[in-house]
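Engineer: Read off the chains here:
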Amino acid sequence: NAGVTQTPKFRVLKTGQSMTLLCAQDMNHEYMYWYRQDPGMGLRLIHYSVGEGTTAKGEVPDGYNVSRLKKQNFLLGLESAAPSQTSVYFCASSSARDRTLQETQYFGPGTRLLVL
Amino acid sequence: QKEVEQDPGPLSVPEGAIVSLNCTYSNSAFQYFMWYRQYSRKGPELLMYTYSSGNKEDGRFTAQVDKSSKYISLFIRDSQPSDSATYLCAMVVGGSNYKLTFGKGTLLTVNP
Numbered sequence: 603n604a605g606v607t608q609t610p611k612f613r614v615l616k617t618g619q620s621m622t623l624l625c626a627q628d629m630n631h632e633y634m635y636w637y638r639q640d641p642g643m644g645l646r647l648i649h650y651s652v653g654e655g656t657t658a659k660g661e662v663p664d665g666y667n668v669s670r671l672k673k674q675n676f677l678l679g680l681e682s683a684a685p686s687q688t689s690v691y692f693c694a695s696s697s698a699r700d701r702t703l704q705e706t707q708y709f710g711p712g713t714r715l716l717v718l
Numbered sequence: 139q140k141e142v143e144q145d146p147g148p149l150s151v152p153e154g155a156i157v158s159l160n161c162t163y164s165n166s167a168f169q170y171f172m173w174y175r176q177y178s179r180k181g182p183e184l185l186m187y188t189y190s191s192g193n194k195e196d197g198r199f200t201a202q203v204d205k206s207s208k209y210i211s212l213f214i215r216d217s218q219p220s221d222s223a224t225y226l227c228a229m230v231v232g233g234s235n236y237k238l239t240f241g242k243g244t245l246l247t248v249n250p
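In order, the protein sequences belong to chains Z and V. Add 602 to a position in the first sequence, counting from 1, and you land on the number used in the numbering used here. Add 138 to a position in the second sequence, counting from 1, and you land on the number used in the numbering used here.
Chain Z extracted, bound-state conformation (with noise of 0.2 Å):
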């Protein structure tokens, strides 16, 4: 199992410009997550997802958009970058089955995104 995998892992943008990330996962899991994490601020939840079709806003949800067509992918969609968005990006996803995978969020290797 690849488990949380993220494309691209590192991208330059310039003000202005839009962008897509790329979230998948091969473990059935019925939610997820995106994060940003920045220097001095941890990590914070942008957008959800509780199944296929549902999304909803997290903690710092302004300028992203998310999609989620298929169980196994989750899209962050940056509509017009700001370099207030340079970041490092994780998804993440969970299990609905029981209380202890609920809470077991397996997290991808990231995505570093830099705005010029």
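Bear in mind the hints are in silico, worked out from the structure with no lab data behind them. Nothing here was measured: the structure is a model prediction, and the numbers come from that model. All clues stand as given, with none of them false.
Covered stretches of chain Z (chain V as the covering partner; in silico rule of three or more C-beta atoms under 8 Å from a C-beta of chain V):
(1) 637-644
(2) 710-718
Here are the computed lysine-lysine pairs in the DSSO-like style, where the Cα-Cα straight-line distance is at most 30 Å:
(3) Z:611 / Z:673
(4) Z:673 / V:237
(5) V:180 / Z:616
(6) V:180 / Z:659
(7) V:237 / V:194
(8) V:208 / Z:659
(9) V:140 / Z:659
(10) V:180 / Z:672
(11) Z:611 / V:237
(12) V:180 / Z:611
(13) V:237 / Z:672
(14) V:237 / Z:659
(15) Z:673 / V:180
(16) V:205 / Z:659
Sample of chain Z residues facing chain V (criterion: CB under 10 Å; computed from the structure):
(17) 608
(18) 652
(19) 660
(20) 698
For glycine and all other residues, C-beta sits at the position ideal for the given N, C-alpha and C.
With chain Z's structure known, arrange chain V on it following the hints.
Structural biologist: Relative to chain Z, chain V alone:
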């Protein structure tokens, strides 16, 4: 006041030392507590999970929860250079709320 407070360090110890990492929290509704370990340029991975007050041991690692004081700790015995990483505490309310609230992480370096 942040819901979860964690000293970012950095913390530097010699090999073999006992390490204590701590988090405090303000939301008394938190029921489940976790420690994640994150190596440099990697994603976090779950290290310890507990849902009750008291201690839980796993090899050289002990997680401690004191709900009355809203305080959790992670102890590492006989620390090794391979333990050098950022340690993040995380907690969740429970029930239908499965969103984790993370501490900012403590950077630990274990020197050979």
